[in-house]
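Chain R: place on chain F using the hints.
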Amino acid sequence: EDQVTQSPEALRLQEGESSSLNCSYTVSGLRGLFWYRQDPGKGPEFLFTLYSAGEEKEKERLKATLTKKESFLHITAPKPEDSATYLCAVYSGGYQKVTFGIGTKLQVIP
Amino acid sequence: NAGVTQTPKFRVLKTGQSMTLLCAQDMNHEYMYWYRQDPGMGLRLIHYSVGEGTTAKGEVPDGYNVSRLKKQNFLLGLESAAPSQTSVYFCASSPTGQRGEQYFGPGTRLTVT
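Order-wise, the sequence lines are chains F and R.
When the first sequence is numbered by this note's numbering, its final residue is 1270 and no position is left out of the sequence of numbers.
When the second sequence is numbered by this note's numbering, its final residue is 581 and no position is left out of the sequence of numbers.
The shape of chain F in the complex, shown without the other chains (with noise of 0.2 Å):
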């Protein structure tokens, strides 16, 4: 059974303070990594999907890198309005089934 843990839970920063969450996977075969960015009382909005080991993807603050086991997220010089909870989720094959984390809620403080 696919599983993914996400760390750190939360994550306090101050603006300018760049940081790195955690995405560790155990998959049968990864078929794509996807990180997500989800504000208060909304969906889940798409950032990146990354596909075998050692792929890099950016988007303005934002950087996603994946090896092996674990993919990071990585945001520098955060500022206020990043603040929001990241998902990650993996794509194992299969039948139409992708397994989300729980996600790491990151607060930027101005």
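Hints may contain errors.
Under the rule of at most 27 Å between Cα atoms (straight-line distance), these lysine-lysine pairs were calculated in the DSS-like manner [unchecked claim]:
#	chain 1	residue 1	chain 2	residue 2
1	F	Lys1202	R	Lys477
2	F	Lys1202	R	Lys538
3	F	Lys1202	F	Lys1223
4	R	Lys482	F	Lys1202
5	R	Lys539	R	Lys477
6	R	Lys477	F	Lys1265
7	F	Lys1265	F	Lys1202
For the record, the hints were derived by calculation from the structure and aren't laboratory data.
Chain R alone, transformed into the frame defined by chain F:
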């Protein structure tokens, strides 16, 4: 484009009542999904559809039924609501299925008393 919309946004039911949640998408996506999100748990797939007229069970299908009569709409039904179905329900659509990105609706918060 409105993207993915869900109605209603909030609903309170009594145990044993029934209701239908409506999801609509205007992106012409083939794949549509219903998830539930509970505190301390990741999103869990209830049912999904790979095209108009098709439906299939996901991870937690018991107590729910779905229909996809039109490509743009995906309905989730609760025939006899139970307190364990208190949750936030999200609909999503995708052009490529679970191997690609999904576009989520704003959610429906359901409370069963």
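To see whether the hints hold, each was checked on the structure:
no.	hint	verdict
1	F/Lys1202 with R/Lys477	holds (11 Å)
2	F/Lys1202 with R/Lys538	holds (25 Å)
3	F/Lys1202 with F/Lys1223	holds (23 Å)
4	R/Lys482 with F/Lys1202	holds (25 Å)
5	R/Lys539 with R/Lys477	holds (22 Å)
6	R/Lys477 with F/Lys1265	holds (23 Å)
7	F/Lys1265 with F/Lys1202	holds (14 Å)
Going down the numbered hints, you'll see the structure goes against none, and every one checks out.
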